[in-house]
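Asks: Sequence:
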Amino acid sequence: MDSETVVHNGGCHCRNVRWRVCAPTNVVAWDCNCSDCFMRANTHFIVPAERFELLGDSKQFLTTYTFGTHTAKHTFCRVCGITSFYFPRSNPDGVAVTFRCVDPGTLTHVEIKHFDGRNWESSYNQSRIASLSNVQNQPTEGPK
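FYI, my numbering numbers position 27 of the sequence shown as 27, with every residue one higher than the one before it.
One should not assume that every hint holds.
Cβ pair distances, simulated, as ranges [stated by the list, open to error]:
1) G105 - C14: 19 to 29 Å
2) T69 - D31: 15 to 25 Å
3) H70 - E4: 31 to 41 Å
4) D31 - T64: 21 to 31 Å
5) H114 - Y65: 22 to 32 Å
6) T66 - E4: 34 to 44 Å
7) G81 - D103: 16 to 26 Å
8) T64 - E4: 28 to 38 Å
Worth flagging that the hints you see were computed from the coordinates, not collected in a lab.
Each residue gets a CB set at the ideal place from its N, CA and C atoms; glycine is no exception.
Please put together the full structure from these sequences, using the hints given.
Replies: In structure tokens:
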């Protein structure tokens, strides 16, 4: 899915958590059915960590939940409870950005793909999702 790469701004509902991410205008977002994503209805696209920047004093409003292998770091706003991004088990060197938390105007197309998180290992191997946080697979530099 080729498209122009731009800086997207976004954050949580109360706007205490704000960030920017360098990503294409057309993204592939993953609808995961693992126990956590399913309950939160989280659909996210993945970028290398170098392409993501937390802004201002956002960090003080974040809290983190982990479970199972404790590889995924599920961050959410301690004020409004929204998970606008997190660090996924599939890509611990990347960031999963909740596409619905991107400010309007820069995402032009979102293709939704299913990730079978209930059968995590087989879905991980079949999906090639791990390559999404590899900076060599990305077209441009990080946020500026």
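Asks: Which constraints among the numbered hints does this structure fail? Numbers only, ascending.
Replies: No hint contradicted; all consistent.
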